[in-house]
Amino acid sequence: MIVRLPRLRAVLTACARLGALAGGLLLLVAVGVTSASVARGLMGRPILGDSEVVEMCMGIAVALCLPWGEMRGAHVVVDVFTARLRPRLIAWLDAAMRAVVALVAAVLALQLAIGAHGVWDRERETMFLQIPYWWGYAGAAVGLFLWTACAGFVAVERVADARRVGA
Amino acid sequence: MSGFDIGIAMFAGALILIALRMPVGVAMLLVGGLGYAAIAGWSPLLASLKSLTFSRFSSYTLSVIPLFLLMGDFATKGGLNRALFGAARAWFGHWRGGLAVATIGGCAAFGAICGSSLATAATMSQVAGPEMRRHGYSPALSTGTLAAGGTLGILIPPSVILVIYAIYTEQSIGVLFVAAVIPGLIATVSYMMVVNIYARLYPAAAPAAARMPYRDRIRATADVWPVLVVFGLVVTGIYAGWFSATEGAAVGAAATGILAVTRGGMRWLGLKESLLSTAETTGLIFLVLLGAEVFSAALALSRVPAELSAAVAGVDVPPLVILAAILLVYFILGCFMESMAMVLLTLPIFVPLMLSLDFGMGPQAVLVWFGILVLVSVEVGMISPPFGMNLFVINAMAKDVPMAETYRGVLGFCASDVMRIILLMLVPWLSLWLPGLV
Numbered sequence: 001m002i003v004r005l006p007r008l009r010a011v012l013t014a015c016a017r018l019g020a021l022a023g024g025l026l027l028l029v030a031v032g033v034t035s036a037s038v039a040r041g042l043m044g045r046p047i048l049g050d051s052e053v054v055e056m057c058m059g060i061a062v063a064l065c066l067p068w069g070e071m072r073g074a075h076v077v078v079d080v081f082t083a084r085l086r087p088r089l090i091a092w093l094d095a096a097m098r099a100v101v102a103l104v105a106a107v108l109a110l111q112l113a114i115g116a117h118g119v120w121d122r123e124r125e126t127m128f129l130q131i132p133y134w135w136g137y138a139g140a141a142v143g144l145f146l147w148t149a150c151a152g153f154v155a156v157e158r159v160a161d162a163r164r165v166g167a
Numbered sequence: 001m002s003g004f005d006i007g008i009a010m011f012a013g014a015l016i017l018i019a020l021r022m023p024v025g026v027a028m029l030l031v032g033g034l035g036y037a038a039i040a041g042w043s044p045l046l047a048s049l050k051s052l053t054f055s056r057f058s059s060y061t062l063s064v065i066p067l068f069l070l071m072g073d074f075a076t077k078g079g080l081n082r083a084l085f086g087a088a089r090a091w092f093g094h095w096r097g098g099l100a101v102a103t104i105g106g107c108a109a110f111g112a113i114c115g116s117s118l119a120t121a122a123t124m125s126q127v128a129g130p131e132m133r134r135h136g137y138s139p140a141l142s143t144g145t146l147a148a149g150g151t152l153g154i155l156i157p158p159s160v161i162l163v164i165y166a167i168y169t170e171q172s173i174g175v176l177f178v179a180a181v182i183p184g185l186i187a188t189v190s191y192m193m194v195v196n197i198y199a200r201l202y203p204a205a206a207p208a209a210a211r212m213p214y215r216d217r218i219r220a221t222a223d224v225w226p227v228l229v230v231f232g233l234v235v236t237g238i239y240a241g242w243f244s245a246t247e248g249a250a251v252g253a254a255a256t257g258i259l260a261v262t263r264g265g266m267r268w269l270g271l272k273e274s275l276l277s278t279a280e281t282t283g284l285i286f287l288v289l290l291g292a293e294v295f296s297a298a299l300a301l302s303r304v305p306a307e308l309s310a311a312v313a314g315v316d317v318p319p320l321v322i323l324a325a326i327l328l329v330y331f332i333l334g335c336f337m338e339s340m341a342m343v344l345l346t347l348p349i350f351v352p353l354m355l356s357l358d359f360g361m362g363p364q365a366v367l368v369w370f371g372i373l374v375l376v377s378v379e380v381g382m383i384s385p386p387f388g389m390n391l392f393v394i395n396a397m398a399k400d401v402p403m404a405e406t407y408r409g410v411l412g413f414c415a416s417d418v419m420r421i422i423l424l425m426l427v428p429w430l431s432l433w434l435p436g437l438v
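Protein sequence lines, in the order shown, are assigned to chains G and D. Heads up: the first sequence begins at 1 in our numbering, then just goes up one per residue. Heads up: the second sequence begins at 1 in our numbering, then just goes up one per residue.
These are computed hints drawn from the structure, not numbers from a lab. Predicted, not measured: the structure shown is a model, and the values here were computed from it. Just so you know, even glycine gets a beta-carbon here, dropped at the ideal spot from N, CA and C. Hints may be right or wrong, so weigh each one.
Here are some, though not all, of the chain D residues that point toward chain G, as calculated from beta-carbon distances under 8 Å [unchecked claim]:
(1) I18
(2) A19
(3) P23
(4) K50
(5) P66
(6) L67
(7) L185
(8) T188
(9) A279
(10) E338
(11) F387
(12) I422
Take a look, some chain G residues computed to stay more than 10 Å from chain D by CB distance [what the hints assert, rightly or not]:
(13) M43
(14) L64
(15) L66
(16) F81
(17) Q130
(18) P132
(19) E157
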């Protein structure tokens with residue numbers, strides 16, 4: 001391997017961490033806006049369109065969370081059926097599955113980007129606050145493309161691992 | 001291939017891929033996508049993916065989930081576990097098997113602000129595990145208690161699984177939360193009874209601690225009463241319609257965050273850790289949700305759920321037997337599958353099936369009752385040997401305890417769980433009485 005995997009892992013992890021923190025901050029914004037809206041609702045003056053802000057924040061935040069989960073290896077994987085296989089086989093199986101994850105991530109990211117272009121083209125906006133939808137779509141697409149990069153990296157890393165196991 | 005064949009093949013394909021270590025959400029997304037394309041063609045699939053991802057991620061209803069996760073993470077990283085265990089210990093410590101009883105009590109209280117079983121088990125074991133060991137509790141009892149106590153995290157509302165079930169079946173989240181209160185209390189009391197019986201059988205395994213004067217008990221409770229207020233406010237508020245589930249979760253997260261700062265001593269580092277931990281779980285839960293959306297859409301196209309319920313409805317078997325069979329399936333699947341993925345994978349089949357059976361009550365009541373039963377069965381799977389997830393988490397944290405000891409310690413709790421499921425199945429009233437009050 002010519003590429004230094006640990007180096008690349010550090011860079012991607014840093015990006016993913018930044019994304020996750022940004023997603024977390026958006027979540028806090030949603031908490032703040034919603035709490036404020038509840039408080040004002042009790043005084044009989046609810047904030048109009050608070051749910052639109054929450055939706056925009058959530059859509060971007062969730063997508064920004066994915067790369068971090070990927071780098072942390074937090075996927076839910078069932079391992080009891082393969083526990084007795086040879087380690088080498090398990091390693092290759094994992095590599096193949098992570099490659100599929102990367103592929104699925106790439107398709108999702110690409111379709112979302114096309115969708116983002118679509119809502120930008122048609123100038124779609126939310127009802128009350130007139131927030132352009134493409135903001136949300138584009139923000140989420142950033143998350144998904146970063147996720148694709150991370151998933152691709154993890155797949156390569158797993159292939160490198162598999163070549164080492166039993167070699 | 002007919003639609004029905006494709007649907008059956010999808011199920012088999014998803015289970016095989018999952019067994020071969022494919023991440024659950026991706027497996028459902030992939031198989032669901034392929035099935036959808038096989039029935040309806042590629043272009044509708046790709047076209048729907050243009051907006052589906054963002055519309056799922058930005059769904060106002062689903063935003064309850066990250067908010068409840070954040071609330072739980074504030075409680076976890078904010079050090080509220082220590083205070084809750086302290087209060088429970090002040091009240092129950094001098095009982096037979098007192099520290100273990102206090103652990104159950106602490107888990108129940110923690111479960112009232114945290115919707116995840118693994119998080120509750122892991123967090124409480126940080127404080128209660130070392131304490132029990134220090135006082136000479138047997139490894140089997142202490143790890144078994146923590147694993148079982150952890151399940152109170154999802155049994156007692158708020159519960160992520162219940163939220164997902166409610167959204168999926170279009171039931172009110174508040175009604176399901178309220179319905180889960182009595183079953184949750186029954187679970188707490190019966191776990192405490194299991195500890196008591198264990199302590200009577202093996203007195204050396206669970207020595208009692210010194211009795212605390214009432215002044216100290218009240219002082220310890222004063223530290224944690226706001227936690228119970230937050231719980232009451234969130235659950236009652238959502239149920240009574242003072243605010244939507246999302247608003248309730250946001251208020252709960254904000255209040256728990258403030259408590260974590262004032263009572264638990266959370267600072268910047270803790271806040272950062274809470275956000276990162278929420279992010280990690282959020283991303284993957286939504287990946288599973290997205291996968292489940294595509295999977296169940298394709299499954300509905302294949303008409304498998306409809307034809308299967310029609311076939312089962314034609315069989316001359318009492319509905320309760322069919323229900324018992326469904327719960328058995330959950331119990332078995334729960335032994336090796338992550339609970340949320342399992343629920344999402346099976347609901348498209350089981351919900352229409354349940355609705356087609358006659359239990360002598362309205363469809364709403366059936367769905368609420370079934371939701372509680374699913375929740376409880378799933379939760380039993382998390383602590384049943386050999387594959388229960390909670391057992392692994394607890395065992396990984398208590399490094400010197402062999403797995404066999406943990407298995408031994410949890411058996412009594414499993415037995416009480418089975419009895420509780422049968423009770424809840426035979427007496428729907430336990431789940432339906434409280435939400436029916438208003």
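How the hints compare with the structure:
1. I18: Holds - the Cβ of I18(D) comes within 8 Å of chain G, reaching about 5 Å at its closest.
2. A19: Since the shortest Cβ distance to chain G is 4 Å, the answer is holds.
3. P23: holds (4 Å)
4. K50: Interface hint status for K50(D): holds (3 Å vs cutoff 8 Å).
5. P66: holds (6 Å)
6. L67: Since the shortest Cβ distance to chain G is 7 Å, the answer is holds.
7. L185: The hint is violated - L185(D) has no Cβ within 8 Å of chain G, the shortest such distance being about 28 Å.
8. T188: At about 28 Å, which exceeds the 8 Å cut-off, the nearest Cβ of chain G leaves the hint on T188(D) violated.
9. A279: OK, holds: A279(D) within 8 Å of chain G, min 4 Å.
10. E338: holds (4 Å)
11. F387: holds (5 Å)
12. I422: Hint on I422(D): violated, closest Cβ of chain G at ~27 Å, above 8 Å.
13. M43: Per Cβ check, M43(G) is outside 10 Å of chain D; nearest 14 Å; holds.
14. L64: violated (8 Å)
15. L66: Its Cβ does come within 10 Å of chain D, the nearest being 4 Å, so this is violated.
16. F81: Non-interface label fails for F81(G): nearest chain D Cβ at 4 Å, not farther than 10 Å.
17. Q130: holds (16 Å)
18. P132: holds (13 Å)
19. E157: holds (15 Å)
The earlier numbered hints that this structure contradicts are 7, 8, 12, 14, 15, 16.
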